[in-house]
Amino acid sequence: MQLRTRITLLVAAGFLLLLCCFAGLLVVRERMEEERLSNVVILGQTALWREIVAVQASALEKSLDALAAAGALPENDRPAIANALARLDIFASGLPAVFEVVAEDREVLASRGVPSGRGLLDADSMDRVFVGERISGLRQVSSNQVLVVAARRIAFADGQAGVAILGLDANAAVRGFATSIGATASLVTLRGVLATTTNADLWRAANLTISPRQPLRDTLALDGRIYGVTSIPVPDVSGSTVGALVSLVDNTEAMAKARTIRHWGIAIGIGLAVLGIAGLNMFLWYSFRPLERAIDVLQALSRGDTSVTLESQGRDEIGRIAGAVVAFRASVQALAESRRQRERVRRRQEVVISAELQALADAIDPTDREEVLALLNTDSGAGEDELRRVARVLHDLSRRIVEQHTRLSAMVVELREALVTKTKLAGLQQELEIAAQVQLAILPKAFPPNPRVAIHGHMTPAREVGGDFYDYFLIDENTLGFVVADVSGKGVPAALFMAISRTLLRSTALFERSPATSVRRLNDLLAQENEQMLFVTLFYGVIDLESGKVSYVNAGHNLPYMITQANEVSIVPATRGMAVAVMEGFVYAEGELTLSPGDAIFLYTDGVTEAFDIDEEVYGDARLADLLKQGAAEWSVTDTPERVLESIRKFERGAPQADDITCLTLRYFGGSSRRHKN
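At position 175 of the sequence shown the residue is numbered 175 (my numbering), and the sequence of numbers has no breaks.
These are calculated hints, taken from the structure and not from any lab test.
Do not rely on the hints blindly, as some may be mistaken.
The calculated lysine-lysine pairs, modelled on DSBU-like cross-linking and capped at a C-alpha distance of 30 Å, are [claimed, not checked]:
{"hint": "1", "residue 1": "Lys424", "residue 2": "Lys490"}
{"hint": "2", "residue 1": "Lys629", "residue 2": "Lys445"}
{"hint": "3", "residue 1": "Lys629", "residue 2": "Lys650"}
{"hint": "4", "residue 1": "Lys445", "residue 2": "Lys490"}
{"hint": "5", "residue 1": "Lys422", "residue 2": "Lys490"}
Based on the sequences and whatever the hints tell you, model everything.
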């Protein structure tokens with residue numbers, strides 16, 4: 001396919017797409033205009049119908065006013081009421097009017113033309129009239145009869161009140177509506193029953209299905225004619241929809257004119273597009289003739305024929321192409337000469353490249369160097385020129401250099417990763433050291449001097465941070481709380497759980513004097529959200545500094561040692577209790593003992609008794625008890641942890657510490673009264 005044909009088809013496709021877009025926009029515009037026109041027609045017909053009903057209702061109200069102005073009617077005097085009705089203009093004119101007078105007890109005093117079995121007003125509307133409101137509008141009095149009614153309150157001669165209702169068949173209003181819009185109009189009830197129409201034959205032929213409660217604007221094709229169908233809901237005197245007013249307007253001639261204009265517009269557009277495309281094709285044919293001659297010259301040059309010539313014409317793109325073809329022909333002629341010169345230069349370059357390749361081969365591994373030199377010294381095979389052989393050697397040499405570079409790069413990457421890992425480990429080590437300092441900082445400081453008690457604690461974590469902790473605090477001036485605890489696990493998780501446990505215990509103990517209650521609440525708080533399944537063993541006691549009475553709870557922890565003033569060492573009696581944070585709702589038992597002046601309690605964690613030496617022998621409870629019996633009664637509260645730690649270090653003989661080591665020593669000196677007695 002020629003270029004001008006492709007351009008013509010492309011432009012034709014563009015024209016077609018443009019026409020389709022215009023057609024689509026025109027269709028959308030027509031639909032939007034039709035929708036807007038439908039809304040205008042519906043609103044206009046609704047307003048016209050309301051105006052027509054209002055005019056007829058106004059005439060009825062004037063007749064009712066004339067009846068009221070004639071004087072009060074005697075109650076229950078039907079002949080007098082009939083005479084008053086006869087004098088009304090509406091009945092004198094012979095119009096199909098109906099009338100009804102209703103007393104306050106809803107008894108019909110007089111009626112005229114009212115269909116049997118149904119009143120002119122419903123009960124709600126009747127109540128509105130009796131309180132003085134005037135109402136008017138449509139009222140359906142039977143399955144196929146709708147009236148325009150007006151009602152007002154009237155007074156009888158005896159002072160009683162009644163309601164006078166006057167109505168006209170809606171046929172007159174429908175005909176007036178049809179005349180105003182120049183169409184056929186029909187009034188249908190909510191059940192689709194025809195109440196009145198201006199053209200019964202057309203209504204039956206149309207056989208419309210109407211939803212009376214919804215406004216409608218549509219088109220109907222019937223017997224070769226096109227009708228515009230409009231349906232508007234009409235309200236009654238109570239404000240609810242009584243039916244629909246349907247109008248049919250003959251739009252055949254207008255639609256035919258619109259179709260004719262549309263078809264002519266489409267035909268003119270298509271004709272102009274065809275003429276434009278044909279003109280474009282002729283213009284392209286004339287413009288591309290120099291290009292075709294240039295193509296002939298190029299085809300001759302491709303066959304090696306340089307005798308065909310072309311004159312450069314014009315300054316447009318095609319003329320520039322012709323000039324380029326002329327220049328190309330000259331280049332082809334010069335190319336043959338330069339090819340011969342390049343062949344001579346190539347041979348000289350091959351010799352130089354071979355020498356350089358030998359020098360480059362000396363820079364690689366000895367094994368690869370020997371293989372490259374052997375390949376370089378190989379004679380060229382049959383049909384293989386020297387440059388191809390050199391290229392093959394260069395390719396092999398490049399591959400070997402790339403492999404060597406890849407190995408070196410991998411080693412560099414590994415070294416960099418090792419350096420990054422080392423840097424991260426150094427940063428992590430620094431963070432752990434800071435965490436250890438923070439953990440030691442939250443442990444209690446030296447206890448203020450107190451004549452009644454002395455207490456001191458010590459902790460040596462197995463790692464940078466540990467899970468053991470101790471604490472002591474005054475609950476009030478005569479009560480001291482103290483605790484030693486061991487969190488399961490080691491490292492950062494145990495340290496965090498330790499900090500939470502210590503904080504919660506201290507907060508709880510300040511409000512609960514009973515150790516059992518404090519530990520129970522601590523257990524409930526920790527067990528509620530313990531997804532890591534950590535737990536805490538602890539020994540928590542409260543000492544009365546005046547009496548020396550100690551209340552305590554042991555939650556799965558190593559039992560402390562009690563050291564009397566006579567250096568008698570015994571284990572504190574056990575209490576029932578599992579580790580904290582294992583099971584929510586556990587009730588802990590509470591134990592009691594009394595310290596005499598000079599007695600002490602030594603608390604510790606399992607890091608003391610479960611220390612191992614280099615032979616994997618355990619330190620054990622017996623060694624700890626023997627150490628305390630050597631004179632713990634004489635040691636100060638600061639000496640006792642130091643002597644225990646010194647004993648463990650001697651036992652380990654350089655073995656690494658297996659667990660956190662925590663000790664707490666409390667010595668009671670007696671309360672104020674007991675010291676005075678002494």
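A quick look at each hint next to the structure:
Distance hint between Lys424 and Lys490 is fulfilled; the C-alpha atoms sit about 21 Å from each other, no more than 30 Å. Restraint check for Lys629 and Lys445: the C-alpha separation of about 28 Å stays at or below 30 Å, so the hint holds. For the proposed pair Lys629 and Lys650, the alpha carbon gap of about 18 Å is at most 30 Å, so the pair holds. Distance restraint check for Lys445 and Lys490: the Cα-Cα separation of roughly 23 Å lies within the 30 Å cut-off, and the hinted pair is therefore satisfied.
Under the criterion of a C-alpha separation no larger than 30 Å, the hint pairing Lys422 with Lys490 is consistent with the structure, at around 23 Å.
The structure meets every hint from the earlier list without exception.
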